[in-house]
Structures are given as structure tokens and as C-alpha cells.
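Student: Take a look at the letters that make up each chain.
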Amino acid sequence: MFIDRNGKVRKPVVYLADFEMFLPTCQETVKYWKKVCDKYGFIGLFPGEGDPVEPGEDYWQRVFDHDYTHMRNCDMCIAQLDDWRGHECDSGTAFELGWFIAKGLPSYGFYTGKTPLINRDIEKDEDGYDPDGFGVEDREYPFENMFTLVKIASDFESACSLARADFDEQLIKNGYAPYEVK
Amino acid sequence: MTKRKVYLSGPDRLKKNARDLFEQKKKLCEKYGFILTDYPEDLFELKGTLEENRTLAEKRLQMIEDCDVFIADVNDFRAYVEPFGETALEMGIAYGYDKKMYAYMKDARVCSLRYSGKKGYDEVSKSWRDADGIGFEPGPVNLMLEYSAKIIEGDLEAALRAAKEDEDVH
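Residue numbers (our numbering), protein chains in the order written: chain A, 1 to 182; chain B, 1 to 170.
Keep in mind that a hint or two might mislead.
What the hints assert, rightly or not - Result set (BS3-like, lysine-lysine): computed pairs, CA atoms no more than 25 angstroms apart in a straight line: (1) Lys103/A x Lys100/B; (2) Lys47/B x Lys114/A; (3) Lys114/A x Lys124/A; (4) Lys34/A x Lys124/A; (5) Lys151/A x Lys47/B.
Honestly, the hints are just simulated from the structure, not real lab data.
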């Protein structure tokens, strides 16, 4: 439960920004995430739900439009920010998270272990520069600067718990009882 | 005509000579009739407290909101066929603010062709997959990036040229 922009108390719809669609474990993981969302009083929406199936020259444009429509229909975002094919998160996931930030909607991410960036397994010299000459930030956060606009948790359920605490604070402030986690 | 303000997104701010690079980029923007947004001095610092870190991010968020044109460096960064994560995040922010967006990369071939790790062709799905059996995005970058920005093969100057041409048309 949360209070939406129209002042209505309802379950928030969570955009599950992730790279699971590329993995064989996708269905299993999404099923688990949705169950956890339900536990915390959220409705989880997986971007791939209802993806276009008809082939055609404009197929990928239609997939983009489809995912973007899902984003616009959500109240908040929880993003999977684990490393993807190297030391960076999935760029599509980061993009989606950024859109929620711009819209002023609650934005959360999870990174397994929540290790500060400087302590991550990135090859660097004694001055903190990687082999391509890019410095590794040492700013008390698991990601580079702009990600501090996002609340980072160590796993999906912890991210839901963070969001729940924020929404409960909002509910209590407005005279409602906090949501009872199942 | 008022000069349009450009926000540049990319990992160059992490380089040792970042200040010099930004001075060069400032001149390049001017050459094409744009103004590069003024950057906070601590943008080029690698160390800082979490509080300073957050303050800087808030300033940059405002800078993106205030710009007219957003240009991103989406070259691969510390990963196979993935750009700098912060830049992808900023592209999402810029799209949320309805900015005119450009993204440049040296090599704009599709991800499966650019991927230098082990890969194999899957006859069933008729597509390339990496050693873990994971497929690739259909374009040069992730779908969300590809369809939100004009992808330019080349460097910043090529992107500025494209932005200038679009301005002249309109």
C-alpha cells in the first residue's frame, strides 16, 4: 500500500527492471520476485509480460514501445544492478531506472553484496586507474556518482523492504496504519 | 538565436586529464554553435564522502534537466558490449526529461559482431549466443538506448555535427 499522486491508497505497481529475460532461469526468478512483491504489498510487473510476438521489420521498435508503456504504468522501480558481461550493470536496466528518477518516482536497486565500488574486483593501478585509464571512484557507494540518486540494497527482498519502510513512513505521516508484511 | 546547451555524458570524467578533455570538448561544442554545460569542479574528483557524492549527483540531475541537447559516449566500458552504466542511467533520465538525444560509438556494428568473447551460432533461434548461451541485443547497444537516441558511428565531433544538422533543418 502507498498513497498515489491522486491521494488514493492502493498497492503500488513495481517495474522490475532486470536482465533476467536473457537467462534460462528467468521464469523461476520472476515468479520469486512477484511473490516477494506480494509479501510487501506491491504488484510486480515484469517488462517482458505481453511482449509483441508478431515478427516484422518494426519488431524491436514495438518491443521498445511495449516496455516503455509498462514503465509509464508503474509507480516505482526496483532494478537488478548486478554485473552483466563485465564490471557494469545491464545498460537497459540502468536506462529504465534513470527514467523513473527523472519522473520523480521511487527508485531502488539491488547489487548482490552491496560492495563499495572501490572494493569491487576491478583491475586498477596504485593510483586507482584501470588499464584503460579510467579511475575507480572511491565515494562510499557501490556505483558511480549518479547512482546515489537510487537507494541500493544487497538483494531483491532487501530492496522491497527499503521501499516498504519509505511507503510506511508516508502512510503514518498521513494518518494511515503501516502495511503489515505477510 | 540563443545557443543551445549541451550535456555530455560518458566516462571521460574519470580520466587523469579529465579537465583538459572537457576544455577541448567545450571548444568543440562552440565550433558547432553549442554551449557545453558548466561542470561542478568535484565532477573530476575520484574521492569524496557519500554526502558530497549525493550533492554532486543532484547538481548533475539539474544540469540534465536544464540542457537542450544530450550527447552520450556509449563505447564499451569495463564490459563486453556494454557502455558506462552511469551513462545508461543518465540516458534514461534525459529521456524522462524529453531531451533531444544523441549517442556515439567508434564501432556501431551489432552487439553479436562486436562481442570479442567466445560465442556460437544457435541454429534453433537463428542467433548468436555467448559461451553461457545468452543471446545478444539486436542492435549496437541495448534496445532502450538504441530507440531513445540517434546512434552515431564516430566520435563526439560526429555527434555534434549530427546535432547541428538537425538544428539547421528545424
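Student: Hint by hint, note whether the structure agrees.
Tutor: To see whether the hints hold, each was checked on the structure:
1. Using a Cα cut-off of 25 angstroms, the hinted pair Lys103/A and Lys100/B holds, with the two alpha carbons roughly 17 angstroms apart.
2. Between Lys47/B and Lys114/A the alpha-carbon distance is near 18 angstroms, which keeps this suggested pair within the 25 angstroms criterion.
3. For a cut-off of 25 angstroms, the pair hint linking Lys114/A to Lys124/A stands: about 20 angstroms separates their Cα positions.
4. The hinted pair formed by Lys34/A and Lys124/A fails the criterion: a straight-line CA distance of about 39 angstroms is larger than 25 angstroms.
5. A distance of roughly 20 angstroms separates the Cα atoms of Lys151/A and Lys47/B; the hinted pair therefore holds under the 25 angstroms criterion.
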